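According to numbering that gives the first Met the number 0, the first sequence is numbered sequentially starting from 0.
Heads up, some of the hints might be wrong.
Claimed, not checked - Label-pair ranges, simulated between beta-carbon atoms: (1) 172 to 314: 38 to 48 angstroms; (2) 40 to 290: 18 to 28 angstroms; (3) 197 to 158: 30 to 40 angstroms; (4) 299 to 46: 35 to 45 angstroms; (5) 46 to 309: 15 to 25 angstroms.
Hints were generated in silico from the structure; no laboratory data involved.
For clarity, every value in this text was computed on a predicted model and none was experimentally measured.
Don't be surprised by glycine CBs; every beta carbon is placed ideally from N, CA and C.
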Amino acid sequence: MPELPEVETTRRHLAEHLPGARVAAVALLDPRALLRPDPATFTRRLVGATILAVERRAKYLIMPLRRAEPPSLAAPSNRPDFVGAGLVPARGRQAAAPGPDSRPEGRNGRVHPADDYLIVHRRMTGNLFLRAPGAPPDDHTVAVLTLDDGRELRFCDLRRFAKLWLADAAEVAALDRALGPEPLARGFTAARLAAALRGRRGLLKPLLLNQNLVAGLGNIYVDEALFAARLHPTRTADTLTDTDVRRLHRAIRAVLAQGIRNEGTSFRDYRGAVGQPGRNQMMVEVFRRDGQPCPRCRTVILKTRVGGRGTHYCPRCQR
DNA sequence: CATTACCTGCAA
DNA sequence: TTGCAGGTAATG
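With the sequences and hints as input, model every part of the structure.
See below:
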């Protein structure tokens, strides 16, 4: 499934090509993909809406929308210039802050002001494709937003766990509060990681998969981060020294940043917004490399089950 | 805390 | 045929 680097790779592509586009039509091919509201309301609110931006929080893609102008001449808006005021700082923010961690997704609580938010979570096998007018169909398509220029934003999902829904600003804020820190944001320090782990006695691997502690890691990048930090997946959080936490902090950021640089990890189903696979599967050190030698010490990599998830590690390097 | 459910497809 | 797959919410 897409983890933080895969969602971010998709976000970057969509953010280049979607803002300003208007939704001309909505096709919900599998209603199970829609969490809320009901299909009729969902369609009514989306048709005519303008996509203002494409943002990310953890593994969630968030598209702020400006609703269609009501066709009536009467009833002037009760919040004039609300959206226009929100768009200006977005440009200023980019110009002022070129660093990789300065994008808005790292700022808890800061969301683009808008009427509605289209939220997508891809779970295990969901993909978002932006296709040219008349492009051949994609397998497992569950929903399509046709844009006013004929392009299609397609939501495809083999296993049909993925969800999309419309939210308001309060719900986006609640989601943001419920999630742990963005691991690539400047504010995510070793001290912050230590604070998240403090008082916890669980196994390292399930803790790192818990999105409430640190948001965005999944099975691939947890295994890779634990290898890079030389920590055993069943180490218990309360046994970590300060040095261990600092190594883990560095490792988390390094494996995620590498994943983004390589445009994601595609073992099977992940594809980017134009259908392209990532390259990071060539770079992984332990994930699905059981039976092969550890790149650091040549000991054979093992695969076990930890917290119900397949877990890959080097029994010699990781303690 | 661990297990189950949600789904479909593929490899063992 | 069984078990497993990059996630998460809902159960004991």
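Here's how the hints hold up against the structure:
Hint check: residue 172 to residue 314, Cβ distance near 44 angstroms, so the stated range 38 to 48 angstroms holds. A beta carbon spacing of about 51 angstroms between residue 40 and residue 290 contradicts the range 18 to 28 angstroms that was offered as a hint. For residue 197 and residue 158, the Cβ-Cβ distance of about 36 angstroms falls inside the hinted range of 30 to 40 angstroms, so the restraint holds. The hint said 35 to 45 angstroms for the Cβ distance between residue 299 and residue 46, and at roughly 56 angstroms that hint is violated.
At roughly 42 angstroms, the beta carbons of residue 46 and residue 309 sit outside the given window of 15 to 25 angstroms.
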